[in-house]
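Visitor: One-letter residues, chain by chain:
There are 2 protein chains.
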Amino acid sequence: MHYTSETIERAVDMFASLPSIGRKTAQRLVYHILRTDKTYADNFSNAILALKEKVLFCEQCFNYSEVSPCPICSSNKRNGGIICVVADPNDVLAIEKTNEFNGKYHVLHGILNPLEGVTANDLKIKELIARLTNIDEVILAINPSVEGEVTIQYLAKMITPLNIKVSRIASGIPIGSAIEYSDEATLARALEARIAI
Amino acid sequence: MHYTSETIERAVDMFASLPSIGRKTAQRLVYHILRTDKTYADNFSNAILALKEKVLFCEQCFNYSEVSPCPICSSNKRNGGIICVVADPNDVLAIEKTNEFNGKYHVLHGILNPLEGVTANDLKIKELIARLTNIDEVILAINPSVEGEVTIQYLAKMITPLNIKVSRIASGIPIGSAIEYSDEATLARALEARIAI
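Protein chains in written order, with the working numbering: chain A, 42 to 238; chain B, 42 to 238.
Since the hints were derived computationally from the structure, they do not count as laboratory data.
Be a bit skeptical, because a hint or two may be false.
Stated by the list, open to error - One side only, chain B facing chain A, incomplete, derived with CB under 10 angstroms:
| # | residue |
| --- | --- |
| 1 | Thr48 |
| 2 | Pro60 |
| 3 | Leu75 |
| 4 | Ala88 |
| 5 | Lys95 |
| 6 | Glu107 |
| 7 | Tyr195 |
| 8 | Ala197 |
This one's a predicted model, so the numbers in the text were calculated from it and none came from an experiment.
Note that beta-carbon positions come from the ideal geometry of N, C-alpha and C, so glycine has one too.
Bound-form chain A, shown alone (with noise of 0.2 angstroms):
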């Protein structure tokens, strides 16, 4: 490489190993960093090193969190009857975010995935299934893929034998969107989940 110093080569590395960002981001990233004082810099470091160290798995939902139960979980402002099943951290938070939902969450972890050999033991399904005692409702908000479809059936055919309400989100047209420009597979589901008005 050009890099005058193996400094900036090894920051640069690091920078581009995260997703989405190549190498002529993460050079002009750590550039940034060089003008920049020493206070920014330590600061970028430890909250990196927090991150690891600070942060852990609630034991009831498995989201991130600081403690556990984590806020979520421990809240008794939110209705403990109705468990929202995700597959990441980060759609709890796009959840939050609409201030749509009160009940509590369930982070999978993942989903289903036979060809990369992603299987019911690698999530926290078991872990989901123990939780399922005085639940109204489980709503799966599930990324609508193939895989998962597939996870959303198999949980399905998990918890219906238990007498809970199953439920998912819908999926069709995203508001702002154009029916013209709209895929099939979407005009197609939202044709059949068509709503009286």
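Based on these hints, arrange chain B on the given structure of chain A.
Guide: Below, chain B alone, put in the same frame as chain A:
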């Protein structure tokens, strides 16, 4: 905010403070680090700290380096009679990658910008002039923006009286680009600087 951990929120804030990184991307990067092992976070954190601890300015060319003079300035395989003047350290990197230049560099750390209060004293211009003994040519590799143009004219006016050849890198249509999509200023410059074949 909706994060279940202040540590995660702080790390997202840090990443989102980098140029061209929005909050959604920052969040994805933080979740990526959470999923990796502790060694990765340690290495990342150390790489950032090292930027401030090990990287300094070369006292000759003012590029980033871990030693002064930097490997390029101290190399006797490079032609010390030609100095390529650039605005920023990443410009050195871009030129080095072409493998077309075998002289030395001088980094100004900015360009003249009277509107934003950047004057000649804020740039490494005095230091450039001080280096100009036994120099055959100064190449100005500065972005062809309005401020870049001002900087180029300013430097040319200072260096020409020293009986040193001053040149600037060519402007024109980028290789692989089309005349049809070129802006008028670029096309006008390309016509003006036409080359006999």
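Visitor: Look at each hint and say if it fits the structure.
Guide: Hints, one by one, checked against the model:
no.	hint	in the structure
1	Thr48	holds, 4 angstroms
2	Pro60	holds, 5 angstroms
3	Leu75	holds, 6 angstroms
4	Ala88	holds, 4 angstroms
5	Lys95	holds, 5 angstroms
6	Glu107	holds, 5 angstroms
7	Tyr195	violated, 23 angstroms
8	Ala197	violated, 27 angstroms
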